[in-house]
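Trainee: Letter by letter, the chains look like this.
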Amino acid sequence: MITNIGLMLLLPLAAVILMPWVSRLHRRAADVLAALAGLGLVGLCLRFIPLRGETLTLRVLNTQFSVDGLSLLFLVVVNVVAFFCILYSIDYMNHYDGRGKFYALLLLMVLGLNGVLLVRDLFSLYVYLEIVSIASYVLVAFGLKWDGIESALKYLLLSVVATGLILVGLGIMYLNLGTLEFAELKLLLAAGSGPNTVFLLAAALFIAGFGLKAAIMPFHAWLPDAHPSAPAPISAMLSGVVIKVAGVYALTRLFFDIYPSPARVLNVFLILGVASMIGGALIAYFQSDIKRMFAYSSISQIGYILIGLGLGNPLGLIGALFHVLNHALFKSLLFLNSGALQYRTHTRDMNEMGGLEHRMRVTGITSIFGTLSIAGVPPFNGFWSKLFIILGALAAKQYVVAVLAIFLSVFTLGYFLLMQRRVFFGKLNLKWQDLKEVPLTMSLAMIFLAAQCLLVGIFFNEVLRYLVEPAAAILLGGK
Amino acid sequence: MDMQTTVLLVIGVPLLGSLLIPLLGWFKLPKVTGYVCVALIGAAHVLSWTLLGPALGGITTHWSKPLYEWASFSLTFDALAAFMAFTASLIATLIAIYSLGYIEHGEDEPEYYFVVTLFLGAMMGLVFSSNLLFLYLFWEISALACWRLIGYFREPDYIWKADKAFLVTFGGAVFMLLGFALVFAQYGTFELAELRGQEIGPVALLLILLGVFSKSATVPLHTWLPDAGVAPSTITSLLHAAILVKIGLYGFARMFANGMVIPPAWETGILIAALVSAFVSACAALRETNIKRMLAYSTVSQIGYTFLGLAAFTHFGYIGALLYIMAHGLAKGGLFLCAGIIEHGTHTKDMTKMGGLIQKMPITAFCYIVCALSIAGIPPMAGFFSKYFVISGLVEGGHTYIAGLAILTAVVTLLYMLKSFHVIFMGAPRGESHHEGSPVMVGVVAVLAVLTVIVGALMHLPFELARVADGERLVQVFTFLWR
Chain A
1 MITNIGLMLL LPLAAVILMP WVSRLHRRAA DVLAALAGLG LVGLCLRFIP LRGETLTLRV
61 LNTQFSVDGL SLLFLVVVNV VAFFCILYSI DYMNHYDGRG KFYALLLLMV LGLNGVLLVR
121 DLFSLYVYLE IVSIASYVLV AFGLKWDGIE SALKYLLLSV VATGLILVGL GIMYLNLGTL
181 EFAELKLLLA AGSGPNTVFL LAAALFIAGF GLKAAIMPFH AWLPDAHPSA PAPISAMLSG
241 VVIKVAGVYA LTRLFFDIYP SPARVLNVFL ILGVASMIGG ALIAYFQSDI KRMFAYSSIS
301 QIGYILIGLG LGNPLGLIGA LFHVLNHALF KSLLFLNSGA LQYRTHTRDM NEMGGLEHRM
361 RVTGITSIFG TLSIAGVPPF NGFWSKLFII LGALAAKQYV VAVLAIFLSV FTLGYFLLMQ
421 RRVFFGKLNL KWQDLKEVPL TMSLAMIFLA AQCLLVGIFF NEVLRYLVEP AAAILLGGK
Chain B
1001 MDMQTTVLLV IGVPLLGSLL IPLLGWFKLP KVTGYVCVAL IGAAHVLSWT LLGPALGGIT
1061 THWSKPLYEW ASFSLTFDAL AAFMAFTASL IATLIAIYSL GYIEHGEDEP EYYFVVTLFL
1121 GAMMGLVFSS NLLFLYLFWE ISALACWRLI GYFREPDYIW KADKAFLVTF GGAVFMLLGF
1181 ALVFAQYGTF ELAELRGQEI GPVALLLILL GVFSKSATVP LHTWLPDAGV APSTITSLLH
1241 AAILVKIGLY GFARMFANGM VIPPAWETGI LIAALVSAFV SACAALRETN IKRMLAYSTV
1301 SQIGYTFLGL AAFTHFGYIG ALLYIMAHGL AKGGLFLCAG IIEHGTHTKD MTKMGGLIQK
1361 MPITAFCYIV CALSIAGIPP MAGFFSKYFV ISGLVEGGHT YIAGLAILTA VVTLLYMLKS
1421 FHVIFMGAPR GESHHEGSPV MVGVVAVLAV LTVIVGALMH LPFELARVAD GERLVQVFTF
1481 LWR
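Line by line, the protein sequences give chains A and B.
Taken in order, the first sequence gives residues 1 to 479; the numbers are from my numbering.
Taken in order, the second sequence gives residues 1001 to 1483; the numbers are from my numbering.
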């Protein structure tokens, strides 16, 4: 079991290294290798589930890698979504050159994400985060179109600011505490009253830095450019997974596990969360580019997650972590839907589409699943996580937040119905008379993700028991 | 078969069986889907017959499957649930049969039958649920079903109206969920059985009422319902008579008449809201010239009437409200299906362009007037008894003025019903192409009209069931006090 931890990193690494050779063997060989690697990773991380939150540690060359409940939840999210993105890419990448390079970068990104989740000291976390970022910059610009290159540059510049802030934060911590290992930090911070001020200073830098990575509202400017211009499976990875691991995971690890935060830090989360939830949704409403709309709605949903964290009570935290999982599923589904639309219509402008459900049944129906999940309509998965967050808000007596969260979920349904009306539901735009459904693997990826949205909603109790509650137990460890 | 299996089958057959229909569509068998839909809904109805006996015997049972700390899937069987399941599935079966003649074969046919079956499945789930969360869950499944169905014809304007219906009912319902969450914050449970006899706060009450009133299209949250008239007539009939707007009423009955307690000061407020809704929309119906909008306003008015019965919190009021759900369902279902035949025959919904249709559509005209008189509360039709009990329930509760105004509303109802009959069927015929509907359609309408009279004649049977349901209320309140 412990060697599996190493394999979570070595398997993608091996695939990345082999990819240039394998992709020369046969046109499809790269697809097979990437899909096998993705499937292998899913299998590996599912093997950890029976642990139910027990911590496993692997120590290599003085670096510690371990899996606990919190890492496991995120590992499952990352690898499951990554596998479906790879599956989807098999047909989707027909539009692009260089599929070997694409898969290598995608798997490098997965490697970085798994690394972030497995390491147990802040500096290694920072290093793996950079691996993710470098892979992402290139992937955003992968289409070699101007908008992609421009937004990759924007993403790069803002990320450099973020990593700069994080690095300064790390410096302050190291200077004052002499270590960056989680376990030691935890002891040191719990022991004295002195280091608290140090931590708070670093905390401000971390919130800004990881907040930039998570695209929380005042730090969000890069996301609506970067996510839409990437190839669809990459948009799905970025919006579904990367912002959560790079932002939310790091924040939860720092502010709940390592140092159970005082109320004023939590209030910062709450305020940023409300701002993102409202701001993202309002801007999303006015978009006519389908992927930009989804990108802004990601900001809004990250807001929900932050609100759950900021509430700080068990219901809110379970809700936030459950929403991480749910948002990864439905947002990657929606981005894959938008990719399917772009694959056939070569446009992202919703006003040019219309009535496409009659030509693209699978895309149409799965997008309804995504719409209902994101709006929190039962029995889909988004309902349960939002319910937890709202119950948490009431338990914390944050009535205004509860009302806003409820109101925004109606608003979310409103702009997603607008999307449905423009794109799928309605009379067929005659321009698309001869359109066909997307090829098999793209359809399969969408169907599987849609099915998961429904199944997680129906078997929410099992998901909570095996994945979310062990993770929440880590966050609540200090209380 | 034991009771639990029967109840689970009544829910499961339409809810899970509906998934069969898209598969048939996938295998290029769209023409079979209609029959499968009728078979599934009909099976649920036949099963609900077997529940009537135990219900009349006063048996109540409760099953619960814990899923999470505070979320358990609980089902309750009692006379109220049996009554509602029977009524809804009866009308839905008839409407499904009518659909066979009404819905044209086409690309969207499997979707239509799938969503209709799912719709009834959600209703059955809601009827037997006694956990607030699952009540909400089924409530929303019905909302999303009605979203697809209202937009069935896919005109841009229709889709907008479908979205509006979805947004209003979803919006109301999530605020209701917030109300449930407040109740949870106060009492720590979502189980109605455990909340029985507990008084809830005014904020929670208002939020829950927002959901109930938006679903049951009560003024001022009613505007989506007349707009929903753009749906196929079968669907409007289903929305008005069997399922959708009845959900709010049933939810109110389940939550308050037989469960949580409303702060006493608010009871009169609900009565006044219901009365205003009943009267204002009756006046709107008088002015309306589009036949389906006119009938929709009439529904809003009748729903207000049913709320009057429920919110009176008296024996006769409660019995009257339950009978009202049945009588109104039969009659309004019949009226909308008549409207469907008329629309098929004349290709218009504008009543001022009709006239003299009685010559071409004698059976439809006869059924229309029977159902219209039942709505207006003329004896011996079923509608008379329900209206009578509601009004005497109001008097029993000491709300004499409200009862008087309710009678005034009944007069307005008679006025617009007769006016519409006159405009549509009497006078000189216009146009040539008018024809009677297909045998299936006319047959179903006739069955509904006959049922309206029969239920009126055999009023003691549903009355007995409603009385048992009312009795349950007393017994359980008593056991609570005794404990």
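Quick caveat, the hints were computed from the structure, so don't treat them as lab data.
Some hints could be false.
[Said to hold, decoys possible] Simulated pairs of lysine-lysine, DSBU-like, Cα-Cα distance not exceeding 30 Å: (1) Lys436/A x Lys1353/B; (2) Lys1164/B x Lys1360/B; (3) Lys427/A x Lys1360/B; (4) Lys1419/B x Lys436/A; (5) Lys397/A x Lys145/A.
[Stated by the list, open to error] On the chain B side, residues computed to face chain A include the following (Cβ under 8 Å): (6) Ile1141; (7) Leu1167; (8) Tyr1187; (9) Phe1279; (10) Val1412; (11) Leu1414.
Fair warning: this is a prediction, and the values are worked out from it, not measured in the lab.
Every residue gets a Cβ at the ideal spot worked out from N, C-alpha and C, and that includes glycine.
Trainee: If a hint holds in the structure, say so; if it doesn't, say that too.
Mentor: Against the structure, the hints come out as follows:
no. : hint                  : verdict
1   : Lys436/A x Lys1353/B  : 43 Å, violated
2   : Lys1164/B x Lys1360/B : 37 Å, violated
3   : Lys427/A x Lys1360/B  : 34 Å, violated
4   : Lys1419/B x Lys436/A  : 52 Å, violated
5   : Lys397/A x Lys145/A   : 49 Å, violated
6   : Ile1141               : 7 Å, holds
7   : Leu1167               : 6 Å, holds
8   : Tyr1187               : 12 Å, violated
9   : Phe1279               : 30 Å, violated
10  : Val1412               : 34 Å, violated
11  : Leu1414               : 39 Å, violated
Checked against the numbered hints above, the structure breaks hints 1, 2, 3, 4, 5, 8, 9, 10 and 11 and satisfies the rest.
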